[in-house]
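Engineer: Protein chains in written order, with full-length UniProt numbering: chain A, 1 to 289; chain B, 1 to 372.
Wrong hints could be hidden among the right ones.
[Said to hold, decoys possible] Straight-line C-alpha distance at most 25 Å; calculated DSS-like pairs for lysine-lysine: (1) K79(B) / K39(B); (2) K70(B) / K103(B); (3) K205(B) / K85(A); (4) K39(B) / K158(A); (5) K280(A) / K20(A); (6) K106(B) / K79(B); (7) K122(A) / K185(A); (8) K158(A) / K122(A); (9) K185(A) / K21(A); (10) K23(A) / K228(A); (11) K103(B) / K228(A); (12) K254(B) / K142(A); (13) K230(B) / K103(A); (14) K122(A) / K205(B); (15) K230(B) / K168(B); (16) K260(A) / K178(A); (17) K122(A) / K39(B); (18) K20(A) / K289(A); (19) K39(B) / K186(A); (20) K171(A) / K23(A); (21) K185(A) / K39(B); (22) K254(B) / K85(A); (23) K85(A) / K79(B); (24) K230(B) / K147(A); (25) K254(B) / K266(B); (26) K142(A) / K225(B).
If you're looking for bench data, these hints aren't it; they were derived computationally from the structure.
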Amino acid sequence: MHVLITTPFHPAYVTAERIKKAKNLELLLTAGIGSDHIDLPAAAAAGLTVAEVTGSNTVSVAEDELMRILILLRNFLPGYQQVVKGEWNVAGIAHRAYDLEGKTVGTVGAGRIGRLLLQRLKPFNCNLLYHDRLQINPELEKEIGAKFEEDLDAMLPKCDVIVINTPLTEKTRGMFNKEKIAKMKKGVIIVNNARGAIMDTQAVADACSSGHIAGYGGDVWFPQPAPKDHPWRYMPNHAMTPHISGTTIDAQLRYAAGVKDMLDRYFKGEDFPAENYIVKEGELASQYK
Amino acid sequence: SMAAHVRGCRCSSLFLSSFFAGGKKIVGVFYQAGEYADKNPDFVGCVEGALGIRDWLESNGHHYIVTDDKEGLNSELEKHIEDMHVLITTPFHPAYVTAERIKKAKNLELVLTAGIGSDHIDLLAAAAAGLTVAEVTGSNTVSVAEDQLMRILILLRNFLPGYQQVVKGEWNVAGIAHRAYDLEGKTVGTVGAGRIGRLLLQRLKPFNCNMLYHDRIRINPELEKEIGAKFEEDLDVMLPKCDVIVINTPLTEKTRGMFNKEKIAKMKKGVIIVNNARGAIMDTQAVADACSNGYIAGYGGDVWFPQPAPKDHPWRYMPNHAMTPHTSGTTIDAQLRYASGVKDMLDRYFKGEDFPVENYIVKEGELASQYK
């Protein structure tokens, strides 16, 4: 093959072995965002171009994160389960149901998706915090109303809600382990639509079981598809789904159009939009270095 | 006998002396917490929490009875109807204050709603009997608006089938993605743009939807421009434009059953409906039928008629719903606000003072404008 198109929702794991075999391969395109299922240093070493449809489903993922924050804080799922089982017990839900208003929400990562989330959170009148390698420019930061937290470990204990908005890289793989989770407030809500492997799977399951995490929700797992016995399926107080937030019909139309555009440019020998490159001429994009 | 009555109630020795000095009998009907009662000291909205005002009432010489037993002539509520001065009800477990009950309630002066929405009270009968009816206006408007936006996202984004796959050990992205949509760019119409409707529109704004609203009264031009929603004077013209319809009207004689088969047919095929207002605004069977045939792509809300919803209520089992029991306005945060509002109104009542004007639903024989 000359071109391989992958998608994070059913990721083809493009390993170093596969790259070695792929004698004709020139281009790897991700239909969506997030290219961590590809061995990027191996792709760079082999002279491949890797690109994704940057921005194609950022809004989709941000909407979905806000939905899961509300589902967990407002204790929606036990109420739904009561209904379908023929029950009615308001107290069984209300004793641990909260409004989002007035809560402290911290996003770990404030790139495209993190910022879109913060903008959508603004009218809810929360206390908004963000941690990132880079501070948002002062004008935008003021408009969004979020406060920069340079030290992640200082931000974590302040938050009622933590949202993960970093890519999966060698730096972020497994970063939220038992020790990191212990720095969070008891009763924290965590939403992760970024990548499952950023979390330590068992540490999350244990913290949900103990109640240190009051609710964990997201659409990402490691690996994908998630096996039948993945612990996150059965831990208490979760709001998990398969990997869908970035593959709504609206998002599919956008990333399909973006893939078509990049193929067209490839056939014509033209460059892609600069922000789409993940690996170009042996260099990795900055977020993966 | 008086002695047996005193032995049987939870009250301090102050009660005996105050009973003869003008203490009032206050009855509260709330939902029972049972095993959940001790889990959270802020859980004041349940019977066990009693709005957090028991000590305050009893130390001031009043008699406070709290129960969840509200249905029928043999209920705990019924025993106290004849001599209670104040009844506190809550929409989450509503005591139906019928004309018959009002007739029996010879001492009743004041009916307070711990929350918002007083349609479970026969307001005309209350007005004719000279009762005051008031609710804690504004106490849980933010709670309900947040919850509506949550349900819009749950239905549009097709969250529940994904959750169900997970707990059943399955994985089928296509089974969800084929009918999952972003909220961005969709047309959302609110039927009613009072307090809750406006708070919803403000929260919808950064999602970049096309926002429409229908109401008896237009929002003032400045606020309308800031919110970015367009006024639709004719409801039947607004309905077919909307991908999402949110119900934000009170239940009144005008709105009861207004969304019947004919009204639903004016909506777009594949419409999403969210109703955290009152169940009886909808025709129950018309909604169930439209969900079954796919005309309604998703229906969600926390309100039913009656409440509690019986085990066989059709909305429990229709496809593509996002229903819960009546919980959106009784989060811990909302409970603290409406408990505080009830306490404030009781305090004013004891002192013979007026309530905040927006709290009145029935005053001196007149109904509040939204119920006329």
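Engineer: Need the list of violated hint numbers for this structure, in ascending order.
Structural biologist: As far as the earlier hints go, 1, 3, 9, 10, 11, 12, 13, 15, 16, 17, 20, 22, 23, 24 are violated by this structure, in ascending order.
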